[in-house]
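Asker: Protein chains in written order, with numbering that gives the first Met the number 0: chain V, 0 to 305; chain H, 0 to 363; chain D, 0 to 354.
Just so you know, these hints were derived from the structure itself, not from any lab.
Keep in mind that this is a model prediction, so the values were computed, not measured.
Built from N, CA and C at the ideal position, the CB exists for glycine as well.
Wrong hints could be hidden among the right ones.
From the structure, some residues in chain V lie toward chain D, with a derived Cβ separation under 10 angstroms [stated by the list, open to error]:
| hint | residue |
| --- | --- |
| 1 | ILE6 |
| 2 | ALA103 |
| 3 | GLN252 |
| 4 | LEU262 |
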Amino acid sequence: MEMTQAILLTVATAATPLLIAAMGELVVERSGVLNLGVEGMMVMGAVTAFVVAQMTGSAWLGMVAAILAGAAFSLLFGFLTLTLVTNQVASGLALTILGLGVSAMIGESYVGLPGIRMEPIHIPGLSQLPLVGQFLFGQDPIFYLSILLTVGVSWFLFRTRAGLTLRAIGDNPGSAHALGAHVVRIRYLAVLFGGACAGLAGAQLSLVYVPQWVENMTAGRGWIALALVVFASWRPWRVLAGAYLFGAVTIGQLHAQALGLGLPSQFLSALPYLATILVLVLISRNRRSTMINTPASLGKPFVPDR
Amino acid sequence: MRIELVRRPQHSVLFSALSPLIALALTLVAGAILFALMGKPPLHGLYVYFVEPLTEVWSLHELMVKAAPLILIAAGLALCFRSNNWNIGAEGQFIAGAIAGSILPVMFPDFQSWAVLPLMLLMGMAGGAAYAGIPAFLKVRFNTNEILTSLMLVYVAQYFLDWIVRGPWRNPQGYNFPETRQFNDSAILPEIWSASGRAHWGIVLALVAAVVLWFVLSRTMKGFEVRVLGASPRAGRFAGFSAGKMTFFVFLVSGACAGLAGIAEVSGAIGQLRPSISPGYGFTAIIVAFLGRLNPLGIVAAGFVLALSYLGGEAAQVAIGISEKSARIFQGMILFFVLASDTLIHYRIRLIFSPKAKPAQEKS
Amino acid sequence: MRKMFLALAAAASVAFAGAAHAEEKLKVGFIYIGPPGDFGWTYQHDQGRKALEAALGDKVETTYLENVPEGADAERSIERLARAGNKLIFATSFGYMDAVMKVAKKFPDVKFEHATGYKTAENVSVYNSRFYEGRYIQGQIAAKMSKAGVAGYIASVPIPEVVQGINSFMLGAQSVNPDFKVKVVWVNSWFDPGKEADAAKALIDQGVDIITQHTDSTAAMQVAAERGIKAFGQASDMIKFGPTTQLTSIVDNWSPYYIERTKAVLDGTWKSQNVFHGMKEGFVVMAPYTNMPDDVKKMAEETQAKITSGAFKPFTGPIKKQDGSVWLKQGETADDAAILGMNFYVAGIDDKLPQ
């Protein structure tokens with residue numbers, strides 16, 4: 000296998016869960032809701048995928064179950080913040096803590112078992128093409144889902160009427176409501192979508208990335224996904240770029256070590272986070288362009304007046 | 000069936016008082032169900048979890064050791080959150096404070112005097128504040144989202160601590176293990192009643208800080224500014240308050256609190272710097288802050304409740320073999336229930352059984 | 000005087016507990032740094048605990064606390080076990096050292112056993128394992144099996160135990176192929192499957208065709224299996240994660256020690272000690288040599304026999320340090336203090352250690 004393609008594949012595997020989770024959160028935030036519980040929903044997805052795959056022997060069923068589990072778990076957040084209008088930051092954090100605890104409990108008896116891998120697809124001929132064959136035609140199904148998701152979300156948000164409504168709700172729920180939009184209902188749907196995506200991202204971790212279950216196996220990826228949404232100024236294709244950039248820095252630091260550059264490994268390990276901060280600063284420096292894309296009512300609760 | 004909220008004309012005093020009790024009751028019920036699901040006797044489980052740790056003196060000491068950093072950090076965070084500044088990186092500021100405060104005992108172990116300890120505490124506060132100043136600066140100057148920068152800086156601080164205790168600050172007599180030299184006696188935050196347990200003066204620092212911050216928040220002009228800017232940035236601007244200055248103020252204060260907690264933990268409870276000095280205090284403190292409803296006095300109570308959940312989790316592991324994971328579930332649940340119950344303060348809840356009405360009709 | 004009386008009373012009570020109260024079970028406590036299901040470090044300690052229950056089940060009762068962080072919490076957790084009536088407590092991570100010392104002072108009649116530390120007291124023993132002996136054999140196998148002449152080493156955190164392993168692996172490899180190369184990647188964690196998998200992939204992408212690890216998860220083994228190269232397991236026999244991948248694995252075997260020390264408390268002969276055992280005493284066990292030709296297997300078994308009998312020690316001169324200076328002269332062997340505090344690389348390793 001050519002080295003560039005091998006590295007590209009490794010980066011893709013590292014970037015895919017970030018991309019999926021961030022894409023879900025992007026839709027949530029576009030509707031004006033800030034859900035900091037991505038990490039919790041993701042880890043629930045990871046444990047569900049693993050357990051269901053173990054029980055049924057099918058990675059596909061595991062994946063579907065993870066999507067459902069992520070969505071179901073996000074409903075808890077939706078009920079709190081949308082129906083009971085609680086503080087979104089606090090509710091999101093509670094969701095993360097709860098998710099880490101519950102998943103560790105569910106998965107306790109599944110630690111240390113070899114998992115069921117979701118096999119990469121294989122198209123005779125195309126997969127063996129030089130340079131890009133395997134990258135384009137020989138990856139796991141979730142990779143393709145992540146790309147489809149990016150295309151789909153981009154199309155939905157900017158090319159459909161429903162997408163326009165969603166964005167309007169995120170910017171000004173009051174007027175959207177006055178114009179007849181179901182603010183709370185649409186936000187619920189957005190939150191569910193975000194949960195489903197986070198669940199899928201978790202499934203990628205325990206079915207593709209490392210087919211095994213250990214508690215806390217998301218290891219902060221949910222938070223990185225949140226950072227990516229801001230990084231991308233709420234635009235789907237930039238989320239894709241950001242996820243791959245972050246994946247590249249993460250993998251790059253390991254390569255730098257293997258090459259024996261002699262830098263302290265702690266510094267290299269911290270590099271992805273420092274890079275994220277730097278990029279966030281660069282992106283948000285331009286106040287006006289961020290303002291245009293930021294959902295104006297992000298994080299603010301909405302109660303229809305009666 | 001639908002649930003509809005009706006805003007109360009003014010917030011309910013009754014539910015202000017009742018809501019924590021409702022949340023507690025719900026948590027206990029949910030806990031009992033959880034224990035039953037695990038096949039453990041529910042009542043005994045709850046007793047071991049929430050009562051037994053309070054029945055022994057040494058355990059009360061441990062409760063204070065555990066609660067001190069949580070209260071200290073959360074009290075500072077309350078100021079931040081009240082003013083709509085989202086500092087999620089207290090864990091990093093805790094570590095930065097611990098490192099800055101350890102400069103004297105690690106690099107100048109021969110400097111032994113009564114002045115060492117106060118200097119250490121001050122340096123810890125300065126370290127935490129300086130580290131919190133980074134996201135504040137980035138927010139004010141570059142409009143960068145502080146939730147994310149402060150969080151990313153946590154990882155950076157952890158790696159820096161890891162590097163410094165394995166590299167330059169490694170104990171020369173320690174077989175090259177990753178830890179600094181043991182602090183000498185003049186650098187140790189003393190125990191309060193060493194005869195009965197190991198609670199150190201960190202808890203006193205925490206209580207003092209909570210009272211001071213409560214006073215600032217509720218009785219001073221600065222506190223008024225915090226509340227106005229938090230409730231309505233527009234109103235704050237009209238009143239002539241600067242949101243940027245406020246961001247710096249609250250970040251520096253909360254950073255200083257977290258830094259103080261860090262050095263107090265290292266100097267009082269551990270006695271040296273090590274690669275891991277905090278089991279996530281900076282994150283748990285966020286729960287504590289909300290559990291205490293962003294009121295420093297409420298936070299004191301909340302800090303003890305959270306500390307109890309840790310101790311209880313451990314006691315339950317020893318006594319009835321309940322997994323320690325249950326502690327985190329309890330923490331998540333109690334926060335959920337408190338948030339949900341607090342809705343009752345501002346809203347009346349109405350259940351509607353009729354078929355769904357169209358939003359246009361809802362408007363009427 | 001009072002102290003002496005206390006000590007006497009404590010000694011008497013232990014003797015009493017041992018002799019007269021034979022029907023009352025001895026409580027033995029364990030403190031774990033991770034979950035028992037990590038399939039690595041903690042898993043093996045828990046295997047030791049289970050072996051202890053199996054062997055002396057009618058006389059002992061065991062309890063454990065898992066996921067105990069190495070900060071202020073360690074002291075409380077250890078004290079809780081002591082207060083719960085445990086008379087023998089195994090603290091199974093280096094970072095518990097000072098917490099053990101503090102609690103031991105408060106509970107003179109409780110015996111403490113601390114893994115991989117170096118501080119002892121009247122009622123505190125330390126026990127450590129010469130994992131590096133197994134690494135030497137792995138190095139030899141790697142040098143024989145690798146076509147590329149370069150192995151990837153996934154390292155956790157730079158402490159002497161890990162550095163010993165890297166050096167010993169390198170020395171073993173050099174004994175077969177003096178030009179052998181090792182690429183080291185630090186993941187700065189003992190247990191982070193995602194990162195370990197990434198590290199394994201990065202190493203393979205850079206051309207290594209053998210992976211060895213000093214981290215606890217099975218992720219690297221799974222990646223090696225997926226990419227079709229060979230790998231060594233760590234801490235446990237990881238063969239079920241790579242049936243056609245694992246060459247061998249260094250298995251930490253604590254069972255004999257836990258049983259022996261518990262028996263010593265039961266019959267009142269427990270004494271504080273500082274042990275640093277290896278293959279000879281059964282602390283280090285090699286998983287079956289698999290997926291390799293017979294001549295390699297034979298070489299590995301011969302080396303294992305020589306190390307077990309004491310005829311050969313991996314750290315035997317001539318050995319040069321990374322900077323070219325002489326560490327051990329011809330025929331000279333390293334003493335335990337030098338091994339326990341090792342913080343330099345031997346010649347031939349390109350990585351740099353944080354100083």
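Asker: Among all the numbered hints in the text so far, which are the ones the structure does not match?
Answerer: Checked against the structure, no hint fails, so every one of them is satisfied.
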